[in-house]
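J.: So the sequences go chain by chain: W and V.
All the letters of the first sequence, read from the start, carry residue numbers 1 to 295 under the numbering used here.
All the letters of the second sequence, read from the start, carry residue numbers 1 to 295 under the numbering used here.
Hints listed in this document are in silico derivations from the structure and should not be mistaken for laboratory results.
Check the hints yourself; a few may be wrong.
No copy is singled out in the list; a pair is fine if it fits within one copy or between any two copies.
List time: in silico DSBU-like cross-link candidates among lysine-lysine, alpha-carbon distance up to 35 Å [stated by the list, open to error]:
| id | residue 1 | residue 2 |
| --- | --- | --- |
| 1 | Lys197 | Lys49 |
| 2 | Lys197 | Lys184 |
| 3 | Lys78 | Lys197 |
| 4 | Lys184 | Lys195 |
| 5 | Lys78 | Lys195 |
| 6 | Lys49 | Lys78 |
Computed from a predicted structure; not experimentally measured.
There are 2 protein chains.
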Amino acid sequence: MVRIIEVGPRDGLQNERETISLSARLDLIFALAEAGLAEQEFGSFVSPKAVPQMAGTDEVAAGLPTGLTGWALVPNVKGMERALASGCRNAALFTAASEDFVQANIRMSIAESLEVFAEAAGLFRSRVPEGRLRGIVSTAFECPFVGRVDPEAAVAVAHELLELGVDEVVLADTIGTAGPSEVKRLAAAASDIPKEKLAWHFHDTRGTAVANVWTCLELGYRSFDSAAGGLGGCPFAPGAGGNLATEDLVYLLEREGFRTGVDLELLARATLPVLDLLGREPESKVQRAVLAGRS
Amino acid sequence: MVRIIEVGPRDGLQNERETISLSARLDLIFALAEAGLAEQEFGSFVSPKAVPQMAGTDEVAAGLPTGLTGWALVPNVKGMERALASGCRNAALFTAASEDFVQANIRMSIAESLEVFAEAAGLFRSRVPEGRLRGIVSTAFECPFVGRVDPEAAVAVAHELLELGVDEVVLADTIGTAGPSEVKRLAAAASDIPKEKLAWHFHDTRGTAVANVWTCLELGYRSFDSAAGGLGGCPFAPGAGGNLATEDLVYLLEREGFRTGVDLELLARATLPVLDLLGREPESKVQRAVLAGRS
Numbered sequence: 001m002v003r004i005i006e007v008g009p010r011d012g013l014q015n016e017r018e019t020i021s022l023s024a025r026l027d028l029i030f031a032l033a034e035a036g037l038a039e040q041e042f043g044s045f046v047s048p049k050a051v052p053q054m055a056g057t058d059e060v061a062a063g064l065p066t067g068l069t070g071w072a073l074v075p076n077v078k079g080m081e082r083a084l085a086s087g088c089r090n091a092a093l094f095t096a097a098s099e100d101f102v103q104a105n106i107r108m109s110i111a112e113s114l115e116v117f118a119e120a121a122g123l124f125r126s127r128v129p130e131g132r133l134r135g136i137v138s139t140a141f142e143c144p145f146v147g148r149v150d151p152e153a154a155v156a157v158a159h160e161l162l163e164l165g166v167d168e169v170v171l172a173d174t175i176g177t178a179g180p181s182e183v184k185r186l187a188a189a190a191s192d193i194p195k196e197k198l199a200w201h202f203h204d205t206r207g208t209a210v211a212n213v214w215t216c217l218e219l220g221y222r223s224f225d226s227a228a229g230g231l232g233g234c235p236f237a238p239g240a241g242g243n244l245a246t247e248d249l250v251y252l253l254e255r256e257g258f259r260t261g262v263d264l265e266l267l268a269r270a271t272l273p274v275l276d277l278l279g280r281e282p283e284s285k286v287q288r289a290v291l292a293g294r295s
Numbered sequence: 001m002v003r004i005i006e007v008g009p010r011d012g013l014q015n016e017r018e019t020i021s022l023s024a025r026l027d028l029i030f031a032l033a034e035a036g037l038a039e040q041e042f043g044s045f046v047s048p049k050a051v052p053q054m055a056g057t058d059e060v061a062a063g064l065p066t067g068l069t070g071w072a073l074v075p076n077v078k079g080m081e082r083a084l085a086s087g088c089r090n091a092a093l094f095t096a097a098s099e100d101f102v103q104a105n106i107r108m109s110i111a112e113s114l115e116v117f118a119e120a121a122g123l124f125r126s127r128v129p130e131g132r133l134r135g136i137v138s139t140a141f142e143c144p145f146v147g148r149v150d151p152e153a154a155v156a157v158a159h160e161l162l163e164l165g166v167d168e169v170v171l172a173d174t175i176g177t178a179g180p181s182e183v184k185r186l187a188a189a190a191s192d193i194p195k196e197k198l199a200w201h202f203h204d205t206r207g208t209a210v211a212n213v214w215t216c217l218e219l220g221y222r223s224f225d226s227a228a229g230g231l232g233g234c235p236f237a238p239g240a241g242g243n244l245a246t247e248d249l250v251y252l253l254e255r256e257g258f259r260t261g262v263d264l265e266l267l268a269r270a271t272l273p274v275l276d277l278l279g280r281e282p283e284s285k286v287q288r289a290v291l292a293g294r295s
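Just need the whole structure built from these sequences, with the hints factored in.
T.: What follows is the structure, given as structure tokens:
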């Protein structure tokens, strides 16, 4: 069994120019849950001034489908307070492997971001001891400002997050440039971290995401983030592709004999209303093949 | 060094509803050559009644860029006569691993197609002894009519082609369904064929082509077909994606340290006029990332 964490409702929508209504966000989440995506990153408790697309995540949290494992992205202690007040039992905190990226993104050093992280994690644990925490390491492969990232630097941050008590670390190819050899090198550097404590988050900006997932599968990793419809354009390359498409991930997994519990027909249709609102075509090859096969 | 055989001007255009003019076809070939694609399947000597998009391939052959290694697809003895009369020094003959596919495609059994193949190959050898022949095994993984193909069946056809004296065999995932494990199984079944005598032809209909190429690279294979811009929609799934995009292949290769001699900037622009004529958006993730990076 492979675990898919659907991030379309958060990572997929947060960079869009169009702000999607709360009801459309919830409709998307329900359609994805209906297709079998039982774990979803449903929103972010960032400042609505900074990321207007994620305003009202409190209300989304209150309206989630029964039985869904919902993850909320939390940037800081204030965000954690909001997440907890909304009843969130699973939170994702983030930092990055590149100093320049953290500076540009949240105006802190990595060390400062880890202090914030520790405080937010402590608050979370004190209030939801049975809850789960993810720690996301952005730019684990490459940074848009300084280029390739040393795998040891990414793994050092992963270790700090694990010491702060996160249940799993997410290694993210934020700008979607990595190839399979880089996945192998990072996995080798992280070989002392138990495999069930690592998840992988690939962007498919340059068509390598499925090959990277396959490399992870061969190494024994079983947790992947993805976004239905390939939502989530990269802010550093407007017009370019976004996250690894969940449809493409599911196809690979099922073809390779891993069960996902996802219905590809339902999944292929789940993002159509949002894509329509955004004025976008499906990014996912599998989604398009499935939709074409039905026509 | 990895060898890329650009098939966009043939496999990429042959199924299009719009017929592209001879000058637009030649412009595409020249732009691709300019980008560094020194080997191209430039057309097909099929009946212009059956495939009007490939009418006039004789004239294309006469106008090819100096220095290009041009491959012509040849379906039968009559096509070989035309190819030879046009001065072709490299010809690709095809059959398939699935009886049903050969029947549907050229109304013969595999054995009958091999007899035609032998006659056409003999004619080619007698007239161009120093020329090169490829033998294409379509549906080497799966057939749209009967499903999965036994790797041993595909390899048996490959052996017959090699006995007929082809210089290389192309194993084709015609409908773009295969995953990396199937590549491994087919490669294992073909392990007694020297690696330099096998090329791989993937369609990216379901997003697995790059992962399949990577699997081949790890196994030591170094020859791949691809189509710039991801041209080449599948006739069995209208609207679905086409061939492995050359841009995506080049990105993977260069990122993994293989030199290709291809200029991605020039390549990303090479198909724009044809895409415009066809009223299509670029299929290639890398092409879109490159074009987005320039805007």
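J.: Each hint needs a verdict: does it hold in this structure or not?
T.: Taking the hints in turn, this is what the structure says about them:
For the homomeric pair Lys197 and Lys49, the shortest alpha-carbon distance inside one copy (33 Å) is at most 35 Å, but the shortest distance between copies (60 Å) is not. Taking the shortest Cα distances, Lys197 and Lys184 sit within 35 Å of each other both inside one copy (17 Å) and across copies (29 Å). When the C-alpha separation of Lys78 and Lys197 is checked against a cutoff of 35 Å, the pair qualifies only within one copy, where the shortest distance is 26 Å, while the shortest distance between copies is 62 Å. Taking the shortest alpha-carbon separations for Lys184 and Lys195, both the intra-copy value of 13 Å and the inter-copy value of 24 Å come in at or below 35 Å.
Proximity of Lys78 to Lys195 under the C-alpha cut-off of 35 Å is restricted to the intra-copy arrangement: shortest distance 31 Å within a copy versus 59 Å between copies. Taking the closest pair of Cα atoms, Lys49 and Lys78 come within 35 Å of each other only inside a single copy of the chain (14 Å); across copies the shortest separation is 69 Å, beyond that limit.
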